[in-house]
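Which chain is which? The protein sequence lines are Y and E, in order. With our numbering applied, the first sequence has no gaps in its numbers, which climb one by one up to 375 at the end. With our numbering applied, the second sequence has no gaps in its numbers, which climb one by one up to 459 at the end.
Simulated from the structure, these hints should not be mistaken for laboratory data. As the structure is a computational prediction, the values presented were derived from the model and not from experiment. Don't be surprised by glycine CBs; every beta carbon is placed ideally from N, CA and C. There are no misleading hints in this set.
With a cut-off of at most 30 Å between alpha-carbon atoms, the simulated DSS-like pairs for lysine-lysine come out as follows: (1) Y/83 to E/77; (2) Y/74 to E/114; (3) Y/333 to E/370.
The following residues of chain E were derived to be distant from chain Y, with all beta-carbon distances above 12 Å: (4) 98; (5) 151; (6) 159; (7) 164; (8) 204; (9) 205; (10) 244; (11) 252; (12) 266; (13) 389.
Anything over 10 Å on all C-beta distances counts as not near chain E; from chain Y, calculated: (14) 47; (15) 58; (16) 106; (17) 123; (18) 124; (19) 134; (20) 164; (21) 166; (22) 182; (23) 209; (24) 211; (25) 323; (26) 329.
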Amino acid sequence: MKQNLARAFSVCALGATLAVGGAASADDTIVNNVRDRSIAYAVSGGHWGIYQTGDGKAECPDGLNDVGPRETFKMLFPDDGTKRSVVDTQLAREAAIWAPEDKEYKFPYHLAGGKVGLGLNLDGKVGPNDFTTPDGEKGIDNQLFRAMGCLRWLRGPDGIGYHFSDLYMKQFNYNRALIELTNVDSLADDPDVDVTIYRGLDSLMADATGAKTMPGGTQRIDAKFGQKFITHLKGKIVAGVLTTEPVKEMYWPFAWFGGNPGAQHILDMRMKLKLTQEAANGFIGGYENLEEWYYGLARGRSTHHLAYGSVSAPGVYQAIHKLADAYPDASGKNTAISMAWGTDLTQVFIQRRPQEVAAAPASAPSKSEPAGGRH
Amino acid sequence: MRVKSVLILTGLFLAAGLSASPAHAQYAKAGAKPAAVEREDFLPEPMPSGFQVIVNEVEGAVFADAAGRTLYKWPLKGLRNGDVGDRKNAPSNCNNEVYTENSGLQSPWPAGLKLPDAAVRKSCQELWPAVLAGGDAAPVGKWAIIARRDGTKQWAYDGYPLYISVLDKQPGDVIGGSNRRSRGDSPGVREPVGPNPNIPPAFAISQVASGRMLVNYAGYSVYAWDGDGPEKSNCTADCLVTWSPVLAAETSQPQGDWSIIQRSPGIRQWVFRKKPLYTYIADTRPRSLTGSDEPGWHNVYTQHAPAVPAEFTQQETHAGVVLADARGKTIYVYTCGDDALDQQACDHPASPQEYRILVCGGNDAARCLKTWPPVAAAKGAKAPSRAWTAIDIDPLTGRYAAAGQPGALHVWAYRGRPVYTFSSENPGDVDGDAWGEFYGARNGFKAFWLRDDFYTNAG
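Isolated chain Y (complex conformation) (with noise of 0.2 Å):
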């Protein structure tokens, strides 16, 4: 018992003695990824912010949409020895994906529905139309939850589109979004970090079977074609969660699709990360633009890509023009839908070359630190 005691008490002063500059671990780790207080985190994963119970009811009251791609095209041409044309029939479907019409959608579409979601409190206030997340914060404004939430496409784990998603931002580089805390005092609580979002270029460090990513990697930021991801946000930490001010706009590097670069294009978009010292995890929110996201969809998976999932890109293009809830055009039509896309990082160290070591984002020395104590 003893020896126990003097154990804990040995890890104890080893974990103060880490915790240079200030920083204290927000778990009960030893390690201290803080260094010249500053914390950097890789993508590692992602998915939308989709709330799913066991049997989907709560949320999707009129079940799980299974009219899709092939499904419309049976409904639409049923098989009756009609003779028809390619154009009249395949292409019109492909037209209605590139061209879709604003107007009643014809097929069955379920919405997600009840209380719960997931996701952020955008605009302060708790309205009908908002969440409640799972442990009871009200006011999560997330529509586009409410428009594809019942799409299984989505649904983890075993989603097509949730599995894709999730395994792109592990596997490609052009997703690898790192998010860069400086002026950390501590991941417990600080009241005022800067973070900056790049892009990194490097593959991530798996364990010995690829699966898991593992803490510790090293990063290069893309400072070439990464410029349009590079944003800044004030933030702070509350209890081990990072909350950051929202900023105007930002770009996600955002690839649907092996070989379709694209990028989320988030309107009045904030974060909520809960942090340790090995990882990351939480909530980016904001709107997106009706047209922009739509067709993103579209561009970054095929027909036949959505038809595994029974997606109909006509209906969800309707769909989240009638949920749409933010940035009202001159006749007060929304263009935006509020939205939460949730992130999974891990901890990296950004490897800066050279000339990239002027123009980073110093940390300013530690109040607790005497001067050129940074090292």
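Given the structure of chain Y, go ahead and fit chain E onto it with the hints provided.
Coordinates of chain E only, in the frame set by chain Y:
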């Protein structure tokens, strides 16, 4: 070997090689700028009489018939619901059958639907005439004779039946097909056939947007440095931390444009056109252009891509570099293959336009023209190369305009196909990339990527 002739298409080809456009020169950093004639050398091989080799500005050396018509093969390709093309050492699948219905090869759409051009559709054989062998023809080298199903004899090369394309109008044209890598869901394309390039076994040529680029045996780019002298490496000490000389085996011998220098006793380095060759330590993927971001370093090409129209520009995007028009708007290529077993093209002004008009304008040609306008060429614009030409098209049908047709559009075409911009974009945007069926690979638009640091869009 009986008779062999070799034709180097000089004229326009030489002009392209000598005057790489600013757009291409910048992205490819052609510091490797061709000082004189830059053309790919090839290894001579036995050929039957009546054939020749032509060095094309895009494809390198290709075989052609006596009239200069390029020879193509149609290798088997797996599509979503079946295979198309020819099997090796088997009779041609391109015959006189006229398909009027689709074959359901591309999921999720079914078979049995009437094709847009059913009333006038030609057979595969009419569009891709077989290269027939005369009665006294005999196999030579890789050239063999395969019996067609109608009893005629057809030349085959390396086991694949050979064809010419009706799209090739001038001797040396390679409009019918390409050896550029195509995506998985692209049509079953025809590929020009040619002799092997004259390169040592430790190297290969990768046909990318910026030209025919040299890579090592594993597909990684090789580079040359301005700091080196002719057949002299000055890359020592710290330089070797970043750059790795491409070493030649003890038994390697100089050949054609290739020579070998000795860095130190027993350490031999490959040299191409008097430039010592290196690989870039930081390259993490094949066919990379990132080493050329280092000052003074360049990717190496047997021949650069042909010159583009003078007013074109290049734009950096969030994934790489694209070709752009004078305003900086990304240029797009439209690709289309239909869903019949013979995989006919629908991306050329001589082919059906219904596919394009449905994905670019919802079957509204006027909307299509507004959303995806073809890139206008100035009146009297001069073609900078064989690959880039100015053609006249009907604005609504997208087909060739009649001579003197009022309202016809004079537009730029790449390999005979009009190129487009996406009207809502600003310079550097690629929001139209992957627009259409199967990410733009089958019936849709792809940006004209010159460099892609993340995927294979540039080759």
